[in-house]
Amino acid sequence: MPSDPQNELSLDSASDAGEAHAFAHVRHQPPHPLVEVWRDFRESKGALAGLAVSVALVLIAIFAPWVAPHSPIDQDQSAFLQPPAWLPGGSWTDPLGTDAVGRDLLSRLIFGARLSLFVGLLVVTLSLAVGVVLGLLSGFYRGWIDSVIMRLVDIMMAIPSLLLAIAIVAILGPSLVNAIIAIAIVNIPFYIRLTRASVVAESAKDYVMASRVAGAGHLRLMFSTLLPNCTAPLIVQATLGFSSAILDAAALGFLGLGAQPPTPEWGTMLADSMQFVQSAWWVVTFPGLAILITVLAFNLMGDGLRDALDPKLKR
Amino acid sequence: MTSFFLKRLALIIPALAGVSLLTFALVHLIPGDPITIMVGIRGLTPERHAEMLHQLGLDKPLWQQFLMYDWNALHGDLGRSIFTRQPVMTEFLQRFPATVELSLAAIVFAIVIGLPAGVLAAVKRGSWIDHTVMTASLTGYSMPIFWWALLLILLFSVQLGWTPVSGRLSAEYWITPHTGFMLIDTLRENDFDAFENALWHLILPAIVLGTIPLAVIARMTRSSMLEVLGDDYVRTARAKGAAPWRVILVHALRNALIPVVTVTGLQVGMLLTGAILTETIFSWPGIGQWMVQAINQRDYPVIQGGILLIACAIILVNFLVDLTYGLIDPRIRHPR
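Here the protein sequences come in this chain order: A and B.
At position 189 of the first sequence the residue is numbered 566 (our numbering), and the sequence of numbers has no breaks.
At position 56 of the second sequence the residue is numbered 114 (our numbering), and the sequence of numbers has no breaks.
Everything labelled a hint here was simulated from the structure, so no lab data went into it.
Given the structure is predicted, the values throughout are model-derived calculations rather than measurements.
Accuracy of the hints is not assured; some may be wrong.
[Said to hold, decoys possible] Taking lysine to any residue pairs in the SDA-like style, the calculated list, with each CA pair at most 20 Å apart, reads:
| no. | chain 1 | residue 1 | chain 2 | residue 2 |
| --- | --- | --- | --- | --- |
| 1 | A | K422 | B | S185 |
| 2 | B | K65 | A | A477 |
| 3 | A | K422 | B | S281 |
| 4 | B | K65 | B | G76 |
| 5 | B | K65 | B | L374 |
[Unchecked claim] If you want the ones that stay clear, here's a sample from chain B, every Cβ over 12 Å from chain A, calculated:
| no. | residue |
| --- | --- |
| 6 | I99 |
| 7 | L102 |
| 8 | L111 |
| 9 | W129 |
| 10 | D249 |
| 11 | V319 |
| 12 | D357 |
| 13 | N376 |
Think of the CB as a built atom: it goes at the ideal place given N, C-alpha and C, for glycine as much as any other residue.
Let the sequences and hints guide you as you build the complete structure.
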């Protein structure tokens with residue numbers, strides 16, 4: 378059947394017009410990237426739950442002095458190892474009970490949240506800052522700088538992170554600050570690798586060449602042309618690094634190499650209460666639960682962010 | 059295969075040199091008198107002090123000291139412990155089998171549970187099985203294992219009385235160490251009661267140490283299986299009428315295993331890290347407990363030698379894992 382090209386054309390334009398009409402209410406601008414990420418992120422219930430718990434933890438940490446019923450270090454001589462309120466012998470003045478020297482467990486946990494989140498934040502900031510700069514240098518200049526930095530990364534990654542952190546603390550002496558420094562150093566290689574990989578991939582692209590041709594200097598190329606396009610994997614790693622930093626700090630505290638008593642650090646609290654594992658389960662159970670919940674929340678959030686930010690997984 | 063082997067071998071030499079430089083630097087960064095740090099003797103007369111510095115070669119330039127350190131290390135001489143006066147190497151070799159036994163048990167536990175769980179989650183994608191496996195594995199991955207150990211002790215040792223709380227063997231048994239592996243040594247002596255006892259001692263620490271690798275393996279198996287199950291050759295296998303279990307276990311799993319082998323290999327570092335915590339809690343006489351003791355006693359030769367040996371062990375295992383890829387996947391063996 379012969380078709381009439383004129384007719385077909387007019388039909389086509391008519392359907393175009395119809396389509397334009399039907400989508401007239403849709404804005405032509407694509408959504409802001411952050412909006413897009415948020416749309417993907419909220420699809421995962423786990424990620425949302427992680428976000429909610431993390432926000433709650435941050436609020437508790439910030440307002441610790443107002444939220445906590447007691448001081449974290451004041452000792453109540455009349456109540457040693459008092460069980461939680463819902464058990465016989467418990468009282469609502471110390472909802473989660475008291476520890477071996479009569480300190481309110483709930484208050485210590487709340488102030489511990491402050492410490493743990495602070496550790497996470499500081500570790501991520503330190504290792505991110507150093508790792509990104511070294512990764513940029515390595516990926517941008519290549520050559521011998523790249524070889525030296527990457528060999529160092531290989532060596533550091535050959536030593537288990539906790540062992541390396543322990544070694545660093547052994548040199549610096551046990552304290553919370555030294556534990557933070559040690560964990561930050563141990564985490565640097567991950568950020569170097571990620572940054573370098575993204576920089577190498579991005580460097581070959583046209584916009585970088587355009588910027589170079591336009592006369593951008595090395596610093597501008599590295600920090601304002603390349604870096605903003607390498608952030609997605611770094612954000613994911615930073616979130617996951619946050620939780621692993623909290624876990625490592627607790628482990629160091631548990632080994633007696635991190636925060637020192639009476640600091641209400643969760644790992645240190647666990648180490649202090651190990652001997653009461655048979656007689657007073659609550660002093661052992663709650664600090665560990667606090668660590669688990671915090672780490673789990675940030676890991677859920679990190680997983681959700683990875684799914685939302687990774688273009689390969691996008692539908 | 060030979061050139062593949064040699065190439066990988068060439069890569070580990072700079073890594074070993076770097077690790078030795080790191081452990082060498084570690085001790086030289088400690089503020090204080092080198093004699094006190096390395097030999098543990100204080101209050102020497104200046105003449106005796108200078109003599110000892112000379113004897114130990116600590117008065118030489120740093121680069122000479124480093125070469126000497128490497129030379130000695132290559133000959134198995136890593137100095138002596140300040141406290142026991144035993145050579146570091148001897149102490150390490152005495153304790154290493156205990157850690158290997160524990161780590162092997164942990165990784166077996168992790169693979170035996172993690173691999174089927176991951177396969178099942180991928181095959182039943184989106185079902186309650188998938189959700190349960192994923193939730194459990196993320197929880198396992200986030201677990202502070204020192205706390206997990208205490209919980210398990212509380213339940214199985216204190217409440218139920220099923221497993222012993224600590225150590226490798228109850229005091230009523232005496233087994234002469236031959237291999238250092240308690241399970242093998244007890245069987246060698248045909249002491250089945252002791253074997254059973256050693257097995258019960260091993261269960262809880264192995265579960266604790268295997269928890270994080272289990273979570274990682276389950277997650278990796280799931281995602282790698284999901285990727286492979288969508289491939290054309292799997293569809294072809296199904297279309298030609300292969301049984302469903304055969305498609306999953308023979309066609310898909312074999313190809314899905316490569317990334318799983320990678321992460322399992324990477325778990326070795328994780329296991330040795332975890333061993334530090336697990337051995338401390340269960341009083342397991344391995345290198346983890348040894349290192350923690352050394353750090354608390356500031357026994358620097360042990361710390362230095364221990365870190366060097368552990369790092370070497372990890373580098374060697376990674377090398378073996380690399381070789382395994384070559385065996386599983388011919389594409390890696392013959393790059394184009």
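Going through the numbered hints above, which ones does this structure break? Give me the numbers in ascending order.
Numbers 2, 12 and 13 - these are the hints that the structure violates, sorted from lowest upward.
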